[in-house]
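Got chain A sorted already, so can you dock chain B onto it with the hints?
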Amino acid sequence: MSLIETLARMEAVAAGRARPRCTVRHRHLSESPLVLVPLTTAGEAGAPLGALVGTDREKPALLAVPQPRNRDLRFAFLAELAETVLPYVDGFADAVEWEERKETDPETGKKVPVQVELCADAPQLIVPSAAGVEYVRLLGRSMRFRRTAEQEPEAAHPAPPHVPLLGRWLTHFGERARVPGAGLLLPMTGLLARHWATGQSVLEDQHLGALLAWIDPPPGRSGQEAAEFAESARDADGQLRCPPAGPATDPAFDNRLLAPAMARYDAGLTGAEEELRALIEGQLRPTWDAVWRGLDLLRALPEGARVADRWKRDRWSYTAHRDRVRAGEPPQPRRDDAVTAAQKLSARETAQAQLDAQEALDDPLVMAGRRLAGEAFAGTVTAVEMAMSEGKRPMPRPLVTLRTADRPLLSGGAKLYRPLADGRTQPAEFVAYAPGEPDVLVVRLTGGMGRSRTPEPGSVPEPADTVCWTLFEHAPRGGPELPDPEDTPWTHGGPPSATTDAPHETADPVTAEDFL
Amino acid sequence: MTALQDPPPTAGAGARDADPSVAAAAATDAILRDTLHGTRRGVVVDSPPGAGKSTLVVRAARELAAAGRPLMIVAQTNAQVDDLVLRLAEKDPELPVGRLHSSEPGAFDPALAELPAVRTSAKIADLAGLDVVVSTAAKWAYTKVEEPWRHAIVDEAYQMRSDALLSVAGLFERALFVGDPGQLDPFSVVGAEQWAGLTYDPSASAVSTLLAHNPDLPQHRLPVSWRLPASAAPLVSAAFYPYTPFRSGTGPGERRLAFGVPGDGSGVDRVLDEAAESGWGLLELPARRTPRTDPEAVRAVALVVRRLLDRGGAASGEHAPEPTPLTAARIAVGTAHRDQAAAVRAALAELGVSDVTVDTANRLQGREFDVTVVLHPLSGRPDATAFHLETGRLCVLASRHRHACIVVCRAGVADLLDEHPSTEPVSLGVTVKFPDGWEANHAVLAHLQEHRVAWRP
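Protein chains in written order, with the UniProt record's numbering: chain A, 1 to 516; chain B, 1 to 457.
So here's chain A without its partners, still in its complex pose (with noise of 0.2 Å):
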């Protein structure tokens, strides 16, 4: 944890309120996001128990399973989630702009602009915790490779039309939500965790109802007792005043109302299954209330400059995903090959540091953090010394005297940047402190002032500025181009046909368990 999270967090407890870590939104939100709240049933790994979902706040689709080891129910219940889920996915598809995009020609091999599609908004889905995500992933994986009666007539137990084109999307989602800073998934309680600290533990924080109970306390409460009421109140029959977030259920719940309740169900007493889905519905609710209480939360917060910039990148990915279904392309394979791994890995952690930039110079909350790290300093200029670069065409090189009570971790030569008023990325370096002054230093900049022996008007900071250099850069590149999977090298098993055994799009093979 850094310090400054450490501080904010220790300010809460003594608050007895959640601090804010941020004063921008860094996510971007939907106009019309779909809101999914998953149940699932304990001991039944993917049996899914309920859900609530759908974009309005107002009336959410109830879908319940009122016998979860009832294979024909549980179809039931994943083709009335694709029939939900995916009307809104497909909603964005073909409202399009055009971009252009440089392409390799495969006959000249020369990369050369072409137009290409991107559709203007993207589907974004908030599910209430990082579990949730997990079971959206779940979900994904136990679709994808069903098979419809219309693609295999034979086998005994189709799955309804849809259902493995809803775990094509769950799984793209899924994979999607580990890029960081990407908004197509997202968790309610990581999203209130980026912007708020609250006084308790990061574990702790993954409680929707007691995170909410810190970051917004009911009147004449703290967040602590609030929270504590959220995580373990229960009522005079023993149930939870705040059903956990799921998607995992509460043993009381299950033990004292749903198995009997499920029990009635099986013995086919009329009115059985209404009780069943009310049940569940009362587990649901609460928390469907809570994540759009989130919502209006964050709403609340102005949204970043550059997080539209990343939104971009997310409806590129919705788009992409989008043509490789309607080029009926198989769906994604079950295990990753070895290039593919590898450009994850690497476009994830471009993503990472990208975000992590882009997060500083959106907020100057976020800026004091790494301020206090030591990977940027902020202060006021005392001197401006012009100098030209040595060479046959001598370039300004200006040295800036700068006074910051800031302690960054520098070295000579390390390489500086700041933002310039138009957008552009000056780069510099630092050159060395004052002699007998620790606060005082000199940075000579390098670059951003352009091409004339002049630097251009407000390229170079005047005595009196403010100016904040990072550490870090601002648009960091990604990595190296990796080979194509056709030519894997042999340190990592040669090329995938050769060692996996079964093509990628067959169906999962049935066992004994898929018939109990």
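Accuracy of the hints is not assured; some may be wrong.
Said to hold, decoys possible - To list a few chain A residues with every Cβ distance to chain B over 12 Å, as calculated:
no.: 1; residue: 34
no.: 2; residue: 62
no.: 3; residue: 98
no.: 4; residue: 106
no.: 5; residue: 148
no.: 6; residue: 156
no.: 7; residue: 178
no.: 8; residue: 255
no.: 9; residue: 277
no.: 10; residue: 338
no.: 11; residue: 347
no.: 12; residue: 410
no.: 13; residue: 451
no.: 14; residue: 479
Unchecked claim - Distance windows between CB atoms, simulated:
no.: 15; chain 1: A; residue 1: 305; chain 2: B; residue 2: 93; range: 45 to 51 Å
no.: 16; chain 1: B; residue 1: 103; chain 2: A; residue 2: 305; range: 29 to 35 Å
no.: 17; chain 1: A; residue 1: 121; chain 2: B; residue 2: 191; range: 24 to 30 Å
no.: 18; chain 1: B; residue 1: 128; chain 2: A; residue 2: 7; range: 54 to 60 Å
Bear in mind the hints are in silico, worked out from the structure with no lab data behind them. The structure presented is a predicted model; accordingly, all values stated were derived computationally and were not measured. Even for Gly, the Cβ is constructed at its ideal location relative to N, Cα and C.
Frame of chain A; chain B shown alone:
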């Protein structure tokens, strides 16, 4: 090649009693034979700290070049590449060596420009036809060639990530992989759990991927540490290399550290005397939970360095029987975090000490000093995270010295360890590494307790 020509097994009891240089030479011969005449595409060499890894790389490169087989060398950092080029030129000033570097100014050591047979360039085409071309993995990854090299040497292969090897492996047909399995594993700043257990997990080390796909490659190890003194090799070997033991090249008493100025009886001086005598010293501060840059511990580290210099330390050993003065350049301070290193640097500057290397374990990898002063990674902490428990971190910090290592630490680390057993998730298909950091920390701590000087600043 027949069995009769094979050298005796290096791990056998017979070899252990033999002269260390004989054992080391036998291991080197076997490695070179597999590299020059073997039929397999790869050869893996495990090298404990200071076992002559760089010497081996230089020798293998020269022998390959002498046999008319040009090769590329992949190292991990620019400092390592520059160091290798300097060593190659020192051994063979005539050998045509290319240093491929990035196009940024100051990308390589200016000393290389003085070497007549070394050519430097940012473009591989300028270096065509040279016997040896050396660069970093990062630069090689951006390099494209028509025809792959027939040979390569990959240095510090255990610190190279699997995905870095993936992007350069197309450049060569066969390679010698050299590295130290005990040092810090490569890491990723983003989660890579989804690939844990896959043979080609991109966040794993290059060697683990290589061996997972090519399990029958010849594997060798260098059996003798020439750096570590007789006082350190048994501990480092037992704590960090339990199944692949090594020993020191020098015997007890061959290396000596002495001070011209007698101690003043303070805790700092007593721990210096203890370290000069036994090779290890633990300066134990009272138990306390502190911020990372614990001001008392940082000051204690700086004082130890100041007194090391003030007391006129002199080191003698197998290369220099006459005592040579212990200068600031031969001392290093190791920490776990960069802010700790910065705090130590500031404290040293206050005491008027300059030119002492102060850095984190990551940056001290591969370096060697006469005396090291270590701020224990767990000192003053309320918890023991995977980062602080990492075996490699402690191994690097405890194996940089030729004479003595002084550890500065708050009391209570043993209890802290007992309260925080490793709780890392276990993934299917991932080879469990031995020893785990918890075990290694306890082993080192138990040894240090015998050289403990308690001190209240």
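Original post:
What are the numbers of the hints that this structure violates, sorted from low to high?
Top reply: The structure breaks hints 7, 10, 11, 12, 14, 15; every other hint is satisfied.
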